[in-house]
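Residue 327 in the working numbering sits at position 327 of the sequence shown, and the numbers go up by one each step.
If you are wondering where the hints come from, they were derived from the structure by calculation, not from laboratory data.
Fair warning: there could be bad hints in the mix.
[Claimed, not checked] Just the calculated beta-carbon pair ranges, DEER-fashion: (1) 211 to 543: 39 to 49 angstroms; (2) 316 to 544: 58 to 68 angstroms; (3) 26 to 544: 58 to 68 angstroms; (4) 312 to 524: 46 to 56 angstroms.
No experiment lies behind these values; they were computed from the predicted model shown.
Note that beta-carbon positions come from the ideal geometry of N, C-alpha and C, so glycine has one too.
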Amino acid sequence: MEHAPTWLTYGFLYLAAAVVAVPIARALGLGAIIGYLAAGIAIGPWGLGAVSNVQDILHFAEFGVVLMLFLVGLELQPSRLWSLRRPIFGLGTAQVLACTALLWLAAWACGVPWITALVAALGLALSSTAIALQTLAERNLMRTDSGQKAFSILLFQDVAAIPILALLPLLGAAALGAGAAHHAPADMALEAAKIVGVVAGIVLGGRLALRPLLRWIARSNTPEIFTAASLLLVVGIAYLMVLVGLSMALGAFLAGVLLADSEYRRELEADIEPFKGLLLGLFFMAVGMSIDFGVLLRSPGLMALVLVAFLAIKAVVIYLLARVTGTPYQERPVFTLLLAQGGEFAFVVFQAAATAGALPGETASLLIGAVALSMLLSPLLLVLMDRVLLRRYATLRTEVPADAEISEPQQAPVIIAGFGRYGQIVARTMLTQDIPTTVLDHSVEMLEVAHTFGYRVFYGDATRLELLRIAGAAQARILVVAVDDVEQSVKIAALARSHFPQLQVVARARNLAHWNALRDLGVEHVEREVFESSLKTARTVLELMGMPAEEALYVADRFRQHNVDLANRMYPHHKNREKFIAVARQGRQQLVEQMAKERADAKARAAQAQAEAEAGAPQQAHDAEKQQ
């Protein structure tokens with residue numbers, strides 16, 4: 001009987017384990033990450049033993065982290081990334097240095113040789129980018145204060161991993177008594193030039209070549225080729241970064257940032273997202289397989305001590321940093337836990353250290369096991385925190401009424417998602433007309449403000465289908481999507497259109513691109529948030545320039561109607577950039593010409609009226625004299 005190819009056997013095992021374990025974990029309320037980790041343990045060397053080449057799988061699956069960083073970069077325009085430079089280099093530096101120093105001192109105080117202690121501290125100071133960003137995305141926390149700070153620290157850790165790896169051969173030489181390795185200045189200069197050249201090439205290529213190339217590929221109207229080009233882009237940049245000894249994930253992130261303003265951003269996201277999800281799942285499974293239970297069984301006490309000690313030390317440092325930097329206290333527990341765990345890059349650091357002689361092999365296995373166990377325990381601790389600690393913590397610290405959480409289905413005909421400036425005005429208007437309204441907002445600070453002024457707002461993330469059901473979306477008549485974030489807005493509208501067809505969606509749009517995205521979902525009632533206020537400002541300026549109020553109102557109304565009509569004419573072409581721009585320019589020119597013609601006609605009528613008045617003046621004077 002013919003045997004199946006190895007790749008087919010492994011592919012079947014990975015998919016079968018994931019399909020079984022992840023839904024079970026979800027049903028138990030443990031999350032998908034726990035399901036993947038459990039599946040990896042089950043089929044790994046210490047489970048059924050169906051998979052043995054764990055390290056090869058782990059190296060391949062790390063590409064899921066690379067794709068995730070590329071997608072994160074697509075969400076960050078260069079200007080926004082520049083605005084994060086201080087938390088990246090300030091907060092990131094403080095976290096890495098403080099955690100490394102305390103971990104090194106603790107290990108050294110326990111009698112560990114200083115080189116071994118330093119290498120262990122450098123690796124354990126790093127956190128899991130994959131688990132942290134995945135958890136932040138699932139919980140809709142990326143836009144929060146703690147989410148931005150966590151992202152900044154994780155990005156700095158990716159940068160810091162480069163000098164850490166460069167330091168390991170020197171520490172290995174010192175540990176072996178060989179003295180410091182000699183590096184010729186010419187070799188060092190050449191390596192530096194390679195790094196600068198590759199980074200500069202990525203930046204310049206992203207600015208000058210990538211968009212025309214993607215535009216050329218898109219014109220082929222072959223979706224699978226565009227998908228292949230998307231993957232080739234990420235793989236190629238990762239390959240270039242590896243050639244010069246830099247982080248693949250960092251290179252992919254940089255490429256994503258350079259394409260964040262591109263018109264193909266959404267298409268790139270849609271093409272890469274499925275691969276990212278599958279490879280991240282495989283990565284978590286590989287982490288589960290990599291847990292060396294043999295080391296745990298040989299030294300259970302030492303393993304427990306290392307695990308608890310490094311988690312506790314990092315948690316204290318990170319919590320203090322969160323407190324010093326003013327992170328809202330409700331967000332500190334999750335922020336602390338996500339960054340206290342070990343990271344996937346620690347595997348690379350400890351393996352490289354063992355190869356360089358900076359770590360004994362047994363110690364490297366022990367540390368790798370501790371990091372893997374921390375990555376396994378963190379999602380479990382997060383579930384425990386959700387169910388016990390955070391609820392109690394919030395009750396004690398915020399004094400939010402018990403009815404702030406939706407526990408029973410609501411029956412109001414109107415649901416408002418988002419209680420910011422926009423949602424508040426809509427809610428207040430409904431209140432004046434005694435129209436029952438259910439308001440949802442996932443900001444604890446906004447919840448406190450609402451209750452201070454007497455509004456009843458429920459805490460919750462409207463992008464969750466089960467929350468919309470409890471909020472009464474199946475019976476309500478209208479859903480007002482007033483959230484500030486564009487991605488959340490589109491996701492809420494998509495859920496409503498898919499699962500609650502009777503619900504009329506009235507949405508707030510940040511800009512024309514957001515307006516188009518909502519129209520694609522079939523949302524007919526979309527209002528651009530600054531449109532009316534901008535028109536009112538324009539009317540005021542016209543009046544201050546001397547135009548009569550009635551005429552200024554007429555001009556503003558004409559502009560409003562023309563702009564609405566133009567947006568509807570542009571909408572069918574919003575995926576064809578050239579046609580879209582052409583229609584926009586034509587529409588603007590038409591308005592300018594029409595308004596110019598109306599002004600000319602008005603002047604002509606005024607001149608004619610004045611001439612008639614002047615011609616009739618002598619006759620009126622003569623008639624007056626006759627009467628006298």
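Legend entry - residue 312 paired with residue 524, Cβ distance criterion 46 to 56 angstroms: 55 angstroms, holds
Inset, instruction - Take the C-beta atom of residue 26 and the C-beta atom of residue 544, compute their distance, and say whether it sits inside 58 to 68 angstroms. - result: 60 angstroms, holds
Legend entry - Outcome of range test on Cβ distance (residue 316, residue 544; 58 to 68 angstroms): Once the Cβ atoms are compared, 59 angstroms apart, the range 58 to 68 angstroms for residue 544 and residue 316 holds.
Legend entry - Pairwise beta carbon distance, residue 211 to residue 543, judged against the given window 39 to 49 angstroms: Taking Cβ atoms as reference, residue 211 and residue 543 lie about 43 angstroms apart, which means the hint holds.
Of the numbered hints stated above, none is contradicted by the structure.
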